[in-house]
Each structure stands twice: as C-alpha cells, then as structure tokens.
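Asks: Now for the letters of each chain:
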Amino acid sequence: RKEVEQDPGPFNVPEGATVAFNCTYSNSASQSFFWYRQDCRKEPKLLMSVYSSGNEDGRFTAQLNRASQYISLLIRDSKLSDSATYLCVVNPWGQKVTFGIGTKLQVIP
Amino acid sequence: NAGVTQTPKFQVLKTGQSMTLQCAQDMNHNSMYWYRQDPGMGLRLIYYSASEGTTDKGEVPNGYNVSRLNKREFSLRLESAAPSQTSVYFCASSGTGEVSAPLHFGNGTRLTVT
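Here the protein sequences line up with chains A and B, keeping their order.
Using the working numbering, the first residue of the first sequence is number 1, and each one after it goes up by one.
Using the working numbering, the first residue of the second sequence is number 1, and each one after it goes up by one.
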C-alpha cells in the first residue's frame, strides 16, 4: 500500500460547484498534514495546513480523520482560478515528508 | 525575501555529461530536500538533509549525489546523466523541530537528457 494515496482525477466541475478530495495515509504515526496546490509546470505552494479539529480558509475547508487515516479538502463555490493539481502531504514526526500523487481539478465555465 | 532559489531553471545535457543543481534558502531552515517530478508519478524524494552536515537517501537516490555545503545550500549532482533522469527537479526546505512545518519550494529546474 502506498504511504499516501489520492485519486488522480481529473475532477471536471462547473463553476460554482462544490468539490471534495480525499487522501488516505498508511502511517498512523503521522503528525502533520497539509494540502498544497500546484499549477501546471510550477512549484507546489502551500494551500493550508490540516488540523485535528478541522479548519477553514475562505472557500476551503480541510478535515482530518485519524481513526480512518484520511484527510479531506472541500472547495465551495469553485472558481476558474481553482483549476490546478491538489497535493496531499503527510509528515510523520522525525521521518521524511510524503506527497500524494495529486488530484487534478478542472473548473469549467 | 527570496525564499528558496534554484539554478539553473532549464538545462539540456547529453547522456554521460555531469552537472550540479544548486539550491539555496534564506529562511534559516534546518531541513532541505531534493525531489523529482515526472508525469503520472508525483513528487519523489531523491535525497534530504535534516540538518547541516547530514544527508539521507530518499525514495530514488540512484544516479545522484548531494552536498549540504552549509545551512543555506544543498546541491544535487548528476555524475553521468541518463535519459531516465529527464525530469523537473524541485528543491525544498522546512524548519526542523516544528511538527507543523510545511515545505517551501524553489521554482524548479527542468532537465532534459538526450
């Protein structure tokens, strides 16, 4: 089983829609979690950290489920500018950071 | 504040040639990383350095060497380039000791080996 698994998509959604991505991880010792955004041929950029209690940043909501070992990202009211690949990142304490393969989102006018 | 700076941005090599990718960060981070990214493969860790003076192999270290020259700089060397090393290379850094420390990436080096 891969350390971090994501559905690569693509997810094609209309503008204004709500879309959710999940990411599962295998290392139960994982301590910190992040969502990154990567635009085509660009470097990944931090979108948001994921906290145990869940957290929200504008239209974006991240949640962590330790029991089932997954994190999720919810995007409400999708914009054309949200089109990108979303990377799930898991950081077990004292071990190397692990990236998911990424989920491609295409928001359609 | 430059963050993480990588050079060069683009490079074309012939099989068997050598080169060094340079990376420097000005955020006083302890940890630095080299990743490669290939279509459909996601980011794969080549080498990382948890702190100055230490380096460790990642998922795909074969064909590469690294040097943590000082706290700021972490270079990646290809001794004898192969077409399989055609990829986009990203350097990243993070603050060690911080459980929630995210990675900061450089702009990437697009390498083609013919």
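Source of the hints: derived by calculation from the structure; they are not laboratory data.
Do not rely on the hints blindly, as some may be mistaken.
[What the hints assert, rightly or not] On the chain B side, residues computed to face chain A include the following (Cβ under 8 Å):
1. A2
2. G42
3. L43
4. Y48
5. G58
6. V60
7. P61
8. T86
9. F90
10. L103
11. F105
12. G108
Ideal placement from N, C-alpha and C gives every residue a C-beta, glycine not left out.
Asks: Indicate, hint by hint, whether the structure satisfies it.
Replies: Taking the hints in turn, this is what the structure says about them:
no.	hint	result
1	A2	violated, 13 Å
2	G42	holds, 4 Å
3	L43	holds, 4 Å
4	Y48	holds, 6 Å
5	G58	holds, 6 Å
6	V60	violated, 12 Å
7	P61	violated, 12 Å
8	T86	violated, 14 Å
9	F90	holds, 6 Å
10	L103	holds, 6 Å
11	F105	holds, 4 Å
12	G108	holds, 5 Å
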